[in-house]
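Visitor: These are the residues of each chain, in order.
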Amino acid sequence: MSKVPYSLAPYPPASYPLIDKARPSADWIDQVRKRFPTERGWDEILTAKQQRRAGPGYSPIAVADIVVRLEALLRHELPGPFTITDAKWLAGGASKLQIAFWLEWDKPGAGQTRERLVLRMEPPESAVETSRMREFEILGAMKGVLPVPDVYWVDADATFMQYPALICGFVNGVTKPSGATSAVTGIGINFGPALREPIGQQVIRDMAIMHKWDWAAAGLKSFDIPVPGTQAVEWNLNHWGRVWEEDCNEEVPLMTELLFWLKANMPPIDRISLTHNDFRSGNFLFDETTQAITSWLDWELAHLGDRHQELGFFAVENMGHLSEDGAQLLSHGLMPIDAMLEQYERESGLSVNRRSVEYYRVFFCYRAAVIILGTCVRAARAGKTHQDLTVAWLSGFAFRNLEEARSVVERIG
Amino acid sequence: MELRPEYLLPVIAKTLQDVVLPVLDEHQQVAQEQLKLAIGFLNIMAQNGPMQFAFDVDELRRLTALAKALIDAVGGSAASTAAIAAAKAAGEGTGVAPAEIVAATRQLRIGVSELIEQGHARGDKALDATISGLVNAFSRVQLDRERAWVLPMGFENGQDAVPSIASQLGLPA
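Here the protein sequences line up with chains A and B, keeping their order.
Every number in my numbering is 32 more than the matching position in the first sequence, counting from 1.
Every number in my numbering is 25 more than the matching position in the second sequence, counting from 1.
Hints in this document: simulated from the structure, not taken from any laboratory.
Warning: the hint list may mix true and false statements.
Unchecked claim - Below, a list of computed lysine-lysine pairs in the DSSO-like style, where the Cα atoms sit at most 30 Å apart:
hint, chain 1, residue 1, chain 2, residue 2
1, A, K53, A, K208
2, B, K113, B, K93
3, A, K175, A, K253
4, B, K113, A, K53
5, B, K61, A, K120
6, A, K253, A, K139
7, A, K66, A, K253
8, A, K120, A, K53
9, A, K295, A, K244
10, B, K150, B, K93
11, A, K208, B, K61
12, B, K39, B, K61
13, A, K208, A, K66
14, A, K295, B, K150
15, A, K53, B, K93
16, A, K244, A, K175
17, B, K150, A, K66
18, B, K150, A, K208
19, A, K244, A, K208
20, A, K295, A, K253
21, A, K175, A, K139
22, A, K253, A, K208
23, B, K93, A, K295
24, A, K208, A, K120
Same shape as in the complex, but just chain B (with noise of 0.2 Å):
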């Protein structure tokens, strides 16, 4: 099959950006402004679009390790002990479909914060920072993932740098 998001996308985005662009009224700027935010998020998704399963399964593999660092420190309801063994099943399965890791990335996200939640809410001062450093540690990696994710978008004002996110993933670039 030829007809391919990632080879779609950059075709009605070039055909916006030369065609309709260029005869929209220079008046109309909610209009004009609109038009080159959807030109924006087309060629995004083009580009991101073919590494969106590694970015989830490497997200998933990293929430699982430390929902497990936190039941470690905190101990786990049910809820969360389930949330775990369904997430680890999802990232380990083969042949496992990228709706299930979504998925249950986003059951244990769920899980992950109650957890925080319940650590802090004991006013253990060490035990709190046992789950600061964790969910620190997790967060560095995760928020340079996602910037990376969106740098095309020209938020990043040149302060601190962050790779792309293909080698990030390990993946070609």
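So here's chain A without its partners, still in its complex pose (with noise of 0.2 Å):
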């Protein structure tokens, strides 16, 4: 399937057939399968948002109206009485809506009970779209095993809500210190000099957990299995190609030369680990008082694949800041990347290999830009999410993300 030109408009029409990508056709959306294939849940998630997609867009949701939903599915999950109060949005988290209230129970092995919980919704159109079913599944099999949420419902189909939604414990916590500063999601973290010690060894510490972490013995009945080899690494690569061919609303020809050359270059992996496939400062909490991890966050993109892949996403330099000194670049803030390498295999006791670590860093700023210079765009375009102007100003970091991935398939080759 050659690359079919799309619709335009505003601008001058082309002078041959065009498909106009906000409106898809079934054809087109089986064209695309075809050309992609990829893990089965990842599928029929992304085919699900192309039959959604000529849908309309968001409208603002008033918070009463969307508790008199949560009030229906809670009915339906609970047999005894319960009250909701204090529902309030909450800030951050720009690919979710999100709200914090308090309800009170009669909640299993604890009697009469009131906690604070959160509700995470998809809007029409997310800048990355994922299951809610997949993330309740694999947030409940982490308890226990790192710091997450604990998880409680999950209307999968939007059978209640407005849109498909689950519903998860509150964690106290911040995701930087008070005070500081970082562009918007999370990117270039500073935790400054006392704190990125304790919170480096901890996440390091985690992330071997994760990659050791027994995921065979849970069942996860949402996520396919891949062999050992380059299986997961092509349902990966075709994913986010997919996701581009999907979404782009203009073509660049970097985007095209770095697909060939991840599939050109896809590295077998020894040993299938739970990867978070988002794991980086902004999505855990820490309590600052303790300096401990609290949660892990953002569950959504989580898959079984390679451990480098996580380890790739630290050496990416565009989401760390130099030292005070301005002699190291510290990784996502925390630390320099050769130290944090060592420092995992100490940790996990599983080997790293440097040319797998550098593969993912290009993977990384390649979903980068899938996301932002390509369903970002096209979202904020079509007014699909609840915060289009943070979605569109994300668009913005495209441009770093491809000039290293750039920058590395140059060095490496």
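Both chains come to you apart, so use the hints to assemble them.
Guide: If you want it as structure tokens, here you go:
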């Protein structure tokens, strides 16, 4: 399937047949699916997104309207009486609608309880399209393995809520020190000299635990299990190659070139691990007093694959910042990447292949561009999210990611 | 006509900054963040707007050169050859509307990406290296331009600096 020109509105029409990506035909959706075979669950998620694409944009929803539906969901789930109070929008989270609320209920094993919970709900189109059922499943499986929010209920098909949603516990903590600044969504967080060492050690410890975790015993029904080798790598590349094909508003020659390079250089996986797939500063909460990580968030992209994927993400230089003396680049604001890789090897007992780390560094830069230059631009233009301006702003981060990918590929060949 | 975007956009941004932002409820964090982003975008649009046409013409000229080089290496389809001809006409024409430049560029981007795919599909290592070299050289310059364009958005972390977009395009600062 060659690339097909698509609508350039409001610019002058092309002289050949157009694909209107805002209203994709069933035939075109099927062509793209066949061109980019991926994990069964992701195929379903992305196909459903295309089938909804021509639907309406996001209209503001009143908190009170959400609470009415939430009560219906909880009446279905809970045998006894309950009370919802103090529901409020949560700041942050450009990809999901999030509301915190207090629930008073007869909690199994605990009796009458009043606790703060979070409703996570999808907008009509998200910066990353994911499944609440997969997120529900992996959050439940990680309980007791890593610090994660307790997860309670899921409305995977929007039977009760406006959109698919899940309900989990509210965890206290911050993503960055009080008063610290960073770009949107946690890019370039500066933890400061006192915090970065203890936080960094915990990040490595948790990454090692995750990669050694016995996922096979957890029975992850929504996850396809790849065989060692390159199957999981290819699924992953096809996932994001497909998203780019379906979402990009204008072609970028380097994106075509990078996908070719990534497919031509797939590293075989020696051990299949659970990878969070967005394991970074900004996606964990910590307690400023105890300096302990209190929760890992945003598990929606988790899949079974290569441990080097996480390590490659930490190697992405544009997510870090220079140390106070300007002498070192601190990976994700935590520590120099060489120190991180050495400590990871010691902590996990697993080997680190530096070429694979560089490979996944390129992959994450490519993926970032898919999301923020493809999906974010399309979603914002169509008014599909609850934070269109944030999503549009993120697109400016694509070019630095692409330059980093380009320079790595040029260097390592 | 005095009521031009480069004059009005900073005025709107300043009003939002000075009058509206301070009276927003401090607990309305989502609203505060969205307003700050809106102010940021208005300022960037005011700063870059007058350079938009020069940016687009520069990109079309370099993209046309890349497309020609790829056709020399890979061989071109009728569609890509036609796209180049249209792009060349748009890029060299006088009195061409800005929207035509954008449309020609977007069509040429499609043609170029198709040529890259077609070339790599042949499994010829020497051809792969040629294509990669051409795309890499084009992209290095293009990304310098694009990073400079979005510099005020604050995504650079000081590792390597890019020259200002005005200097890259040969425009007065």
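Visitor: Each hint: holds or not?
Guide: Quick rundown of the hints versus the structure:
| no. | hint | in the structure |
| --- | --- | --- |
| 1 | A:K53 with A:K208 | violated (38 Å) |
| 2 | B:K113 with B:K93 | holds (10 Å) |
| 3 | A:K175 with A:K253 | holds (17 Å) |
| 4 | B:K113 with A:K53 | holds (27 Å) |
| 5 | B:K61 with A:K120 | holds (21 Å) |
| 6 | A:K253 with A:K139 | holds (26 Å) |
| 7 | A:K66 with A:K253 | holds (24 Å) |
| 8 | A:K120 with A:K53 | violated (35 Å) |
| 9 | A:K295 with A:K244 | holds (26 Å) |
| 10 | B:K150 with B:K93 | holds (20 Å) |
| 11 | A:K208 with B:K61 | holds (19 Å) |
| 12 | B:K39 with B:K61 | holds (11 Å) |
| 13 | A:K208 with A:K66 | violated (42 Å) |
| 14 | A:K295 with B:K150 | holds (14 Å) |
| 15 | A:K53 with B:K93 | holds (28 Å) |
| 16 | A:K244 with A:K175 | holds (15 Å) |
| 17 | B:K150 with A:K66 | holds (27 Å) |
| 18 | B:K150 with A:K208 | violated (47 Å) |
| 19 | A:K244 with A:K208 | holds (28 Å) |
| 20 | A:K295 with A:K253 | holds (28 Å) |
| 21 | A:K175 with A:K139 | holds (18 Å) |
| 22 | A:K253 with A:K208 | violated (34 Å) |
| 23 | B:K93 with A:K295 | holds (26 Å) |
| 24 | A:K208 with A:K120 | holds (21 Å) |
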